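Got chain A sorted already, so can you dock chains B, C and D onto it with the hints?
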Amino acid sequence: MEVIQDTRPLIALLAPFVGVVGIVWAGEKRANLRETITLLTGIFQASVVLSMIPLVLADNVIEFHVWQIFTNVPLLLRVDGFGITFAAVASVLWIATSLYSIGYMRGLHEHAQTRFYTFFAISMSATMGVAFSANLLTIYFFYEMLSVSTFPLVTHMQNKEARTGGRTYLSYLLFTSLCLLLPALSWCYVWLDGGAVTMDFLADTGKISFFSSHTQLVLLLLFTFGFAKAGLMPVHSWLPNAMVAPTPVSALLHAVAVVKVGVFCVIRVYSDVFGIDLLRGLDGERIMIWIACATILISSLIALSQDNLKRRLAFSTIGQLGYVVLGATLATKQGMGGAVLHIAMHACGKITLFFCAGAIFVASGKKYVSQLRGLGRKMPFTMGAFLIGSLSVIGLPPLGGFISKWYLALGALDGGYFWVVVVLLVSSMLNVFYLLPVAVTAFFRDRDEEEDEDGKGMKEAPWQCVIPLTCTALGCFGLFFFSDVLLQLAGLGH
Amino acid sequence: MRKLAVAVVVLTGGLLLYAATDFAAWGDPESPASDSDVSKHFIAETGVDTEVPNMVTAVLADYRGFDTMFETVVIFIAGIAILAILKLTGKDATKTPGKRKDEVDDAPDLIVTHTVRLLVPIIQLFAFYVLAHGHVSPGGGFQGGVIMGASFILVALAWDLPRAMDRLSVDRAILLAGVGILIYAGIGLLAMFLGGEFLDYAELSTIFPVSREMARYHAMLGVEIGVAFTVTTVMFAIYASLSSKGRLEGGL
Amino acid sequence: MSENSIALIFACPLFGAVLCTFLGGAKRALCHPVAVVSLGGALWGGIETLRRVVASESHEISYLLGGWTLDSYPRGVGIEFRADLLGTLIMLVVIGVAFLVALYSKLTVSEETPEKEGPFYTLFLLQVTGLAGICLTGDAFNLYVLIEVAALTGYGLIAMGSARAAAATFNYVILGTIGASFYLLGVGYLYMKTGTLNMVGIQEVIVQQDLADSATMQVAFVFIGLGILIKMAFFPFHAWLPNAYSHAPTSTSCLLAPLVTKVMIYVMIRMTLTVFGVDFSFEETLWTKLLPWLVVVAIVCAATMALAQRDLKKMLTYLIVAEVGYMVGGVWIYNYYGLVGSIFHVISDACMTLCLFLGAGIILRKVGTSHFDGLKGLFRRMPLTMTGFFVGGFSIIGLPPTCGFFSKWYLITGGMLAERWEYVVALLFSTMVMVVLFFRLIERIHLAVKESGEEFGHGHGDLDLPENETRFDEAPLSMLIPLLLSAAVVLLIGIYNQDVVNLVESFLEPLNLPKGTDR
Amino acid sequence: MFGEDGGLLRELLVERFNYCIYVVLLLIGLYAMIAKNNLIKKLIGMSIFQTAIILFYVSLGVKEGASIPIYKPEHDPHGHHAEDHADHKPKDANASSSASADAHDDHHEVQALTDEQTRQYANPLPHVLMLTAIVVGVATLGVALAVVQRIYRAYGTIEEDEVMKAIMEESQGIPSTKGSPKSKKGASKKRKAKKA
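Protein chains in written order, with the working numbering: chain A, 527 to 1020; chain B, 817 to 1068; chain C, 674 to 1192; chain D, 11 to 206.
Pulled out of the complex, with its shape left as it was, chain A reads as follows (with noise of 0.2 Å):
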C-alpha cells in the first residue's frame, strides 16, 4: 500500500463552501444562477470523487494533512477504499438531488430557497469530511458539523411540526454526541499512552486492547450509541421526526448522507478501531448482533403500521441501517464488505424511493399511502422507479440490493451465526409486505369516484423531478451489473 500526498480530498471538502459563496451571492432573486452554480459545484465535486478511485483501486491511499488539533492528533484527510465508496454515492447522489430540488422547490414555492441550498451544500461538505476522515477525532469533527448544518434543512417550514421534529432531531443527534462520544474519545485519546495514539484507522487498528476487556465493552457501546446516526434502537426516533424536512432533504441526507454517516462512523469504529480479531474475542460483541437485529425486525414491523409514506420510508431506512450494523458487528470480512456494499446499494434504492415520494407529493398533494389507488396510471414514470426502488431495497436478482444481502449472509455464516440468516429472510418477508403494497395500491387498484373528481388535472410530476429519480431507478439495476468496482473497493474483489 502506497500513501500519495494530494490536495483532492480536501477539494472536494472546499467545494461546496466555494459554491456556498456563490449560492448567497446569487440569492432569491437570480434562482436559475444559484441552482445553476449548485449543480455545477455538484458535478466537479463528484468528478474530483470519481478521479481519485483508480488511485485507490491500484492500492493506494490519498492522504492530506490539513492542520494539528491537538499535539499527537492531526486533522488528517486519507482516502481509502470504504471512505471513497460513500464519498462516491453520496457526491454522484448529490448530482441527482441538485436536480431533483430544483423541480421540488419551485413545484411547491417554497421560501427561503437560497438558505436551504447554502445549508445542503456544506451539508456535503460535512459528509466529505467524515467520509475522508483519518482518525477518530476528525470524523467528531465533521460528524458534529453535520448535525449542526442539518438543522436549519430539517426545520426549513419553520413552523410548529418542524420546531418538533427539529428538537427531537438536534437533542438525540447533540446529546449522544456529546454525552456518550465525547467522553468515549476523551477517555481514548488521553488513557492510550497519553495521547501518542491518535486513533488513526490505519496506524492504531486494535491499540484498543490496551483496556481490560470489561473496558472495551463500554467504549463499544457509547462509540455505537453515541454515533446515534445511525439509527440503532433505542436511538432512532430522531429518524422519523426528521421528515418534516422537504423531501430532497429526506432523500439525500436522511436516505444517503446523515444515516450512511452514523453507520459509517459505527463501521470505522468496529473495523479500524477495534478491528475484526479484536472484536470477534469481544464476550459482549453478541450483544450488538442482537441489538442490530432488534432493530431489523421491530422497525419494520413498525414501517407496516405507517401509513404516511415518508414516514414509512423512515421506518424501512432504520431496518436496512440495521443491516448495515448488523454486517459490522458479524465481524467477518464478508460481513463487513456487504455492510459497505448495503450503504451504495440502499443509498440508491432508498434515494429512489423518496425521491418518489417527494414527486408525488408534488404533483399531488397525497402524502399517504392509502391515498394513492390509481396513482400508476398518472403518473408511470414515478411509480415505476418506485417498483423498482422497492424491489432493489427487499433484495431481489438482478438490483443492486441482492448483492449486499448475499454477503451479508455470507458473513453470517462464515461467523457460524446461522440464526442470523433467518433473521435477514424473515426481514427481507417483512420488507415485501410494507414496500409492494404500494406499487400494488398504485397500480392494480382503482380510484374512487369522488377521488376522480380532485384528481382530474393530475399528471406526471416536473422533469426535474421525473429523471433524477429515473436515473437512480437505473443505477439500481447498474450497481448489480457493475459491481466489480464496488466489490473490489470494499476489499471483497480479486
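To be clear, the hints were calculated from the coordinates, so they are not data collected in a lab.
Be aware that one or more of the hints could be misleading.
[As the list claims (entries may be wrong)] Here are the simulated BS3-like pairs of lysine-lysine, each with C-alpha atoms no more than 30 Å apart in a straight line:
{"id": "1", "chain 1": "A", "residue 1": "686", "chain 2": "A", "residue 2": "892"}
{"id": "2", "chain 1": "C", "residue 1": "1039", "chain 2": "B", "residue 2": "1061"}
{"id": "3", "chain 1": "C", "residue 1": "700", "chain 2": "C", "residue 2": "1039"}
{"id": "4", "chain 1": "D", "residue 1": "175", "chain 2": "B", "residue 2": "903"}
{"id": "5", "chain 1": "C", "residue 1": "1039", "chain 2": "B", "residue 2": "903"}
[To be verified] Using C-beta positions, here's what the derived DEER-type ranges look like:
{"id": "6", "chain 1": "C", "residue 1": "1172", "chain 2": "A", "residue 2": "547", "range": "21 to 31 Å"}
{"id": "7", "chain 1": "B", "residue 1": "937", "chain 2": "C", "residue 2": "698", "range": "25 to 35 Å"}
{"id": "8", "chain 1": "C", "residue 1": "980", "chain 2": "D", "residue 2": "50", "range": "29 to 39 Å"}
{"id": "9", "chain 1": "A", "residue 1": "738", "chain 2": "C", "residue 2": "1183", "range": "31 to 41 Å"}
Quantities reported herein were computed from a predicted structural model and do not represent experimental measurements.
In this text, a Cβ means the ideal position worked out from N, Cα and C, and glycines have one as well.
Chains B, C and D alone, transformed into the frame defined by chain A:
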C-alpha cells in the same frame, strides 16, 4: 437572613479564633513580619536610599509608590463614579426639584459664617503644612488633601453649596483630580523616559542638579502634591454630589 | 522602549482615562476615539510583552516598579510586575476584549447614558487598567489594590444604568467588599507569617520554613480562597452577578461579563500555584477533596437556573456562573490536564462570552427587549449578526472547531484522569443544558413560531410575517464588526488552540502536577 | 496555645487583646452587612468590617520597645547629628562601626542602621498598607452611598425588603419592554405619592 448571618458569623469567628491560636507573639520583635529582610531594609536603609526620615512616607511614595498611585486612582474613580451615578443629565437636569419639607430658607447663621471665615485660611495653611511636612513627621498627600477638602466642605456647610462651588466647582474639581493623577503618573512616566523603570524617581537626577537619593526625596514631594490635588478635589466632589443628590445645587 | 512595554499596558489606559475626564465636558465626542487609541496602545504593549516573554529563557519577565531591582535590593522591597506566560496570556485577553468592546460601545454609550461619555470611558479604561494589572502584578497587596480598582469602576459602570441596575449594584458592593476584605485579611495572615508581600517571596518562605501545618496559613488560605470565590461569583456566592450584569448598560455588561469572573479565576490559579505553591494548596488542604463536589452542585444549580430564564441577558449571566464552576473544578480536580483546561477555558470563555454579549446587545438595541419573545424570526433580519451570535453559542455548547470544544475537551480529560467522575458528569449535564438553551434560542431566532406555539403563516411559501419583521435590517457596522471579529477570534483560538496550549503547558511544566496517564 | 503561666483566657484576653477586638469588630460588621435590612446600616456594618481589618494590620505592626517609624534625630539623614558627630569623630574612622551616619565636610554620607538600631523602630509597612486600605474603604463607602441615593431616588425607600417589593411590582407591572429610566421613575413617583 438573620439565621444565615448568625451562621456565617459563627463560622467566620471560629476560623478567626482558630487562626489566632497560631499568631506570632504580641509585639514580638522576632516575629516574621517585623524581622523579615524587607521590613529591616525599610528601617535600616530608607535613609540611605531616599534620605527621607519618615519611613512611612518613603515606603508609601517610593518603595510602594505604585500602590499609592493606584490608591490615588481609586479616589479618582470614586469621584468619577459618584458623578456618573448621581449626576442628572439631559431632561432630568433641567427639571426643577420640588423643595423638601425640611428645607429652610433661612440666611446663613452669622456666628457660624464668621467663625468659618476665620477658620478656613488656618485650616488650609495647616493642610499645606501637613502635606509639605510629610517627609519628616506624620503627614503627607492624603492627610493634607483631606484637610484641604474639609475646608471647602466647611464653606458649603456654613453657607450653602453654591458658595463653595463658586470657589471650586465640581467640574473643575474633577479636572483637578485628573491633574493630580497626571502629576503622579507623569513623574513616573518621565522617569521611564529618562531610562529607568516606571516610577524610578532616581532617574530624575539626570535632569535635576541633585543626587539620586535627593531626586527620590524631591520626587516624593511631587507625587504627594499630586495625591493632595486628587484627594482635595474628590472629597469635595463627593460631598457636593451626595449632599445635593446629583443636582449640584443647594446641598444640605 | 521595548523593555518598558509592560508599563504601557497600564500607562496607556491610565492616561487615556484622565484625558477622557478632561474631554468629558466640552468635547464628549472625542472620548470614544481616545479610549480606542489608548487601548490600542495597551494592546501593542501587551503583544510586545508576550513576544518578549516567549523569547526569554525562563519565560518570565520581572519588571521592578520604582527601580527597586532584585540585584541591589531584597525581593519585596518594591513592587514587582511579573509577566509569566499565564499572566501575559490572560492580560492579552483582557486588553483584546476591552479593545473590541471599546470599538463596539460608541452607539450604546451615547444612547443609554447620554452626556456621560466622559465618566463612562474614564471608568471603562480604569477598569481595564485594573484587570490588566491584576494579571501581571507579583505583589499580593498590590493585587488587592488593583482588585479594588476593578471593583470600584465596576460599581460605577453598572450603577450608571437604570435604577434597577443600581439596586443590583448595592448587592455587588456588599458582596464585593466582603470578598475583597477577606482577601485582604488573608494577605495579612500571610504577611504575619512570612514577612513579605511578594508572591514569590511568600512561596519561598513557605517552603523554607515549612509553614504547611500552621493554623494561620490554613486560615489564610481559606480566607483568600473564599474572598476570590465570592468575587468570581462561584455558585452560592453568585447572588450579585445575574442582576448586576443583566441590568447594566450594554457596553458595561459586554466588558464586565467576559472579564471580571475570568480574571478572578486567574487570581485563584495564581494564588494556588505561585503563592501557596502546589504542595500546600493541593496536598495540605481539604480543598481538593471538598471543592469538586461543591463545583458539581454549582454547575448543576447554575445550569438549572439558566434553564428557567426567559430573558436572554439573564440567561447568559447564569451561564457565566455555570462556566465559573467549570473552571474552578478544573483547578481543584488537581490534575495537569484539568489545569490546562481551566486556563484555556478562561481564555476561550472570555472570547465566547464576549461574542454572546455583543450579540445580545445588538438584539437588545434592535428589538428593544432581550426577552425570548422578541427573538422570533430574527435570523432573516440580521443574518450576519445572528451568525456571529451562533458561533458564540456553539462555543459554549462545545462544538468543534470553536475554542469551547477544546477547553471542554481538556476539562473532561482532566476529570477522567483524576477519576473525578462526578465532575465529568456535571460537565456533561451542563453541556446538555447548554444545548437545550442555545437551540431553544436558535429555534426562536430561526423559526417563525410564536411563544404560544401558534404559527404565523401556512407552512409552504409565505410566512405572513409583518413587513418590519422580514426586512433585511442588519446592525450598524460599528457594532457588527466587533461582533464578527470576536466570532472570528472564537474560531481562530479553536483552530490555533495548539499554540495557546503549548504556552500554557510550558508554564505548567515546571510545577510537576500529576498527569495521571501512567496507568 | 496554653502558656505556662496562664490559660487560654489570659492568652486571648490579655496578650492578644487587640486580636480579640478585631475579631469582635469584624463579626459585628459582617453580621450587620448580612442581616440588616436598612441599606445605610449595611454600609455602617461594612465600615466596621473594614476598620476591623485595619485594626488587625496595625496590631501586626506592633513591636515591643520600638518607636514610630520616623528616624530619631540621631539617625536622621538631615538631622543635627551630622554636625554633632563631625566634631568628635575622626574622618578616617571605621565607617562600618559607626553607630550613626558619618559626616563629611560639605556633604554627608548616610549610613544604614545596624541591627541594634533597627530594633528601635516599628515596621512601617503595615501602616502604609493601611493607609491604602483606608483610602479604598472611603472610596467604596462613597460609591456605595451614591448607589443608595440612586436607589432612594428611584424607589423612595432604603429598606431592602421594600426595594425588593418595588422591583417585583415593577417587573410584573411593566411588560418586557426596554426598562427605560423614565417609566421606572414614573412608577416610583406614584409610590412616593402613595406613601405621603
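Results of checking the hints against the structure:
Distance check on the hinted pair: residue 686 of chain A and residue 892 of chain A sit about 20 Å apart at the alpha-carbon level, within 30 Å; holds. The straight-line distance between the Cα atoms of residue 1039 of chain C and residue 1061 of chain B is roughly 33 Å, outside the 30 Å bound, and the hint therefore fails. For the proposed pair residue 700 of chain C and residue 1039 of chain C, the alpha carbon gap of about 28 Å is at most 30 Å, so the pair holds. The hinted pair formed by residue 175 of chain D and residue 903 of chain B meets the criterion: a straight-line CA distance of about 26 Å does not exceed 30 Å.
Proposed proximity of residue 1039 of chain C and residue 903 of chain B is supported: the alpha carbons are some 28 Å apart, at most 30 Å. In this structure the supplied range 21 to 31 Å holds for residue 1172 of chain C paired with residue 547 of chain A, their Cβ-Cβ distance being about 28 Å. Between residue 937 of chain B and residue 698 of chain C the beta carbons are some 30 Å apart, a value that agrees with the proposed interval 25 to 35 Å. In this structure the hint that residue 980 of chain C and residue 50 of chain D lie 29 to 39 Å apart at CB holds, the actual value being about 37 Å.
Evaluation of the 31 to 41 Å hint for residue 738 of chain A and residue 1183 of chain C yields a pass: the beta carbon distance comes to about 35 Å.
In this structure, only the earlier hint numbered 2 is contradicted, and the remaining ones agree with it.
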